[in-house]
Amino acid sequence: MTTISSASAAFTGEDPGNRLFGPVPDVTGDRGYADDHPARVGFFTDTSVCIGCKACEVACKEWNLLPMDDAEGTVDALGLTGASYDNTGMLGANSWRHVAFVEQSRAVDLPMPTVGLPGAAGGQRPLEDPPVVHPQVPASATTAEQSAPLQTSSGDREIRWLMSSDVCKHCTHAACLDVCPTGSLFRTEFGTVVVQEDICNGCGYCVPACPYGVIDQRQDDGRVFKCTLCYDRLTDGLQPACASACPTESIQFGDLDALQARADERLAALQAKGVEGARLYGRDETDGVGGAGAFFLLLDEPEVYGLPPDPVVTTRDLPAMWKSVGAGAAMVLGLVASAFVGRRR
Amino acid sequence: MTAGEAPEGSGVGVPGAGWRRADGPPAQDRERRRRGGGRRGGRGEIPMVDEAEFTSYYGRPVIKPPVWKTPDVPLYLFLGGAAGTSAVLGALAEGTRRPALARVAHLTAGGGALASVGFLIHDLGKPSRFLNMLRVLKTTSPLSVGSWILAPFSALTTATAGAHLLGWFPLLRRFTGVGAAVLGGPMTTYTAALLTNTAVPSWHEAHRELPFVFAGSAMAAGGGITMALTPLDEAGPARKVAAMGAAIELAAMHRVEHGHGLVSEPYRTGRAGKLLKAARGCTATGAGLALLAGRSRAAAVGSGALVTTGSVLTRFGIFDAGMASARDPKYTVEPQRARARERDTAGSGKAAVTGAGP
Chain A
240 MTTISSASAA FTGEDPGNRL FGPVPDVTGD RGYADDHPAR VGFFTDTSVC IGCKACEVAC
300 KEWNLLPMDD AEGTVDALGL TGASYDNTGM LGANSWRHVA FVEQSRAVDL PMPTVGLPGA
360 AGGQRPLEDP PVVHPQVPAS ATTAEQSAPL QTSSGDREIR WLMSSDVCKH CTHAACLDVC
420 PTGSLFRTEF GTVVVQEDIC NGCGYCVPAC PYGVIDQRQD DGRVFKCTLC YDRLTDGLQP
480 ACASACPTES IQFGDLDALQ ARADERLAAL QAKGVEGARL YGRDETDGVG GAGAFFLLLD
540 EPEVYGLPPD PVVTTRDLPA MWKSVGAGAA MVLGLVASAF VGRRR
Chain B
13 MTAGEAPEGS GVGVPGAGWR RADGPPAQDR ERRRRGGGRR GGRGEIPMVD EAEFTSYYGR
73 PVIKPPVWKT PDVPLYLFLG GAAGTSAVLG ALAEGTRRPA LARVAHLTAG GGALASVGFL
133 IHDLGKPSRF LNMLRVLKTT SPLSVGSWIL APFSALTTAT AGAHLLGWFP LLRRFTGVGA
193 AVLGGPMTTY TAALLTNTAV PSWHEAHREL PFVFAGSAMA AGGGITMALT PLDEAGPARK
253 VAAMGAAIEL AAMHRVEHGH GLVSEPYRTG RAGKLLKAAR GCTATGAGLA LLAGRSRAAA
313 VGSGALVTTG SVLTRFGIFD AGMASARDPK YTVEPQRARA RERDTAGSGK AAVTGAGP
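Protein chains in written order, with my numbering: chain A, 240 to 584; chain B, 13 to 370.
Just to be clear, a hint being listed does not mean it is correct.
[Said to hold, decoys possible] Chain A is faced by these chain B residues, among others (derived, beta-carbon under 7 Å):
1. V100
2. R109
3. S153
4. L155
5. H219
6. K252
7. V253
The hints are simulated quantities; they were obtained by calculation from the structure and are not laboratory data. Glycine is no exception: its CB is placed at the ideal position from the N, C-alpha and C atoms.
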């Protein structure tokens with residue numbers, strides 16, 4: 240049975256089937272579903288076409304009946320962060336999609352219209368202002384292809400907005416699921432990770448276990464909540480609410496294999512256009528969580544969007560932990576026994 | 013500072029193509045101040061991780077700080093440890109005919125275990141569902157394994173303590189006492205795995221040492237309490253256990269506080285740093301006093317109280333340090349960024365460009 244083999248992996252550290260860490264080709268079948276289980280599904284969130292409309296957030300809240308909250312997760316509170324257009328703040332028990340807004344600027348070496356001696360280097364440049372994107376500024380400066388970076392009036396700085404709709408990653412090795420002591424979190428037939436709210440006793444262990452800070456406890460409820468990848472809609476053949484609502488197809492839902500192929504194509508296309516900084520995040524099955532069910536195309540480092548640059552599932556180190564726990568326990572038994580040896584008193 | 017040493021304005025060609033957050037000075041100042049504070053708190057120690065690029069999303073934490081409440085969880089850790097050691101002491105005292113020590117140890121174990129369970133249940137978001145802890149047994153969840161240790165342990169220690177109080181079933185008491193003692197060892201250390209098997213940087217990175225800190229702390233607490241409450245002529249083993257435990261606690265905690273570079277920093281700074289400094293003082297003084305505790309009951313009480321206080325403070329300090337490391341994104345981002353950069357330079361250049369392998 241599955242439980243026995245996972246027991247040996249956690250205690251012995253011998254893990255040929257990658258139960259704790261590493262790539263798993265069929266995570267759903269690996270968790271005991273019959274061979275005719277549905278294909279693993281997921282999200283490909285292409286942030287290069289995200290316009291920050293937050294339709295995904297609204298659709299998610301509406302469909303899943305999530306309570307209103309502020310950027311700190313306080314239920315029924317209305318608050319502005321004051322930092323950006325992002326007043327959702329973070330993923331949490333009441334926000335299962337979160338659109339990050341990052342306003343960035345950089346200095347550009349714009350050729351100024353110069354009046355100089357004929358033949359001098361600067362004199363060859365035209366007197367009229369250059370187009371918004373100067374030939375010397377490669378297309379990588381743009382937010383992919385959606386818009387040209389805006390120049391400020393000073394002319395030597397330009398700005399861009401990064402927008403990204405974050406969501407639960409539905410990891411191949413989901414720490415939240417691994418550490419849940421009640422079995423409330425489980426792997427569905429679609430390969431996603433879902434909380435059974437009638438089982439959760441609010442121990443909160445999954446909250447610090449998640450390397451992405453996704454799952455959280457609802458304050459007035461005590462239980463934990465997170466994205467279910469619209470498990471209820473999937474079982475009825477519908478796609479998740481956020482993907483349905485996304486007007487730019489930044490959020491794409493589908494079979495994970497197909498999404499990965501599409502993402503690779505998209506990345507290649509962007510790189511061919513010279514978009515620097517484009518990268519896939521969570522796509523690699525050899526990464527610290529065995530690859531994510533929900534992965535992203537980002538235009539900057541992950542931490543810019545509030546994502547961890549190199550997350551690793553905590554259970555990778557569990558065999559070492561149990562070894563130390565066992566050694567420590569044996570040490571206590573041995574040393575206390577030794578205290579009774581020798582002269583009486 | 014994403015631009016590195018590239019001149020301002022060259023923009024293109026440096027990491028991130030020169031882009032940096034443009035949301036004005038307040039947020040950036042906040043970030044800089046916090047990092048500066050960390051350096052000052054380091055008290056002149058050489059930072060193990062360079063002041064490299066550190067970007068965050070408006071200074072927000074990357075991981076969610078634990079929702080565990082204080083004092084519930086630190087006390088749960090402390091009481092479980094004290095009860096575990098006491099159960100072992102009690103069974104051995106009973107076996108070696110030290111009735112007074114056995115009685116004190118068994119009462120400590122029973123009381124500690126019950127209170128520990130109480131704090132654990134009180135910390136749940138849905139306390140009425142505490143029995144769901146025993147719904148499955150998962151070796152990947154230290155809380156699940158721990159529940160299966162704690163439940164029989166608390167039942168056995170409570171039965172043993174009850175038999176002592178009522179004077180009933182002296183023979184049965186020996187069996188329950190031995191059963192509790194066997195579980196007493198794991199009782200002292202499983203809570204360390206509970207903390208380290210998380211994404212909290214300062215807990216996770218110390219996963220090899222924290223079980224030994226908890227074992228030492230538990231021995232100090234169990235030995236200290238029983239030493240203080242037992243007449244001198246029977247308390248010898250308790251004194252030895254307390255002294256050994258204090259020494260292990262101090263040694264292992266030193267490695268946690270200094271052995272892990274940046275993520276050791278929260279153990280030395282802020283409230284956690286103060287708590288752990290006080291813990292060191294109490295534990296060291298108590299251990300020293302334990303040498304005299306064989307001659308004077310007053311010294312035994314003082315020593316026991318000091319090492320026990322040290323154990324309590326250690327648990328609160330470790331808990332606080334983990335919370336601090338979870339709240340500040342630098343402890344999550346910087347080590348991961350350093351690891352990713354190392355891998356990118358080691359691997360092919362392609363990985364660095366595509367960012368494959370986040």
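Honestly, which of those hints from before does the structure not fit? 2
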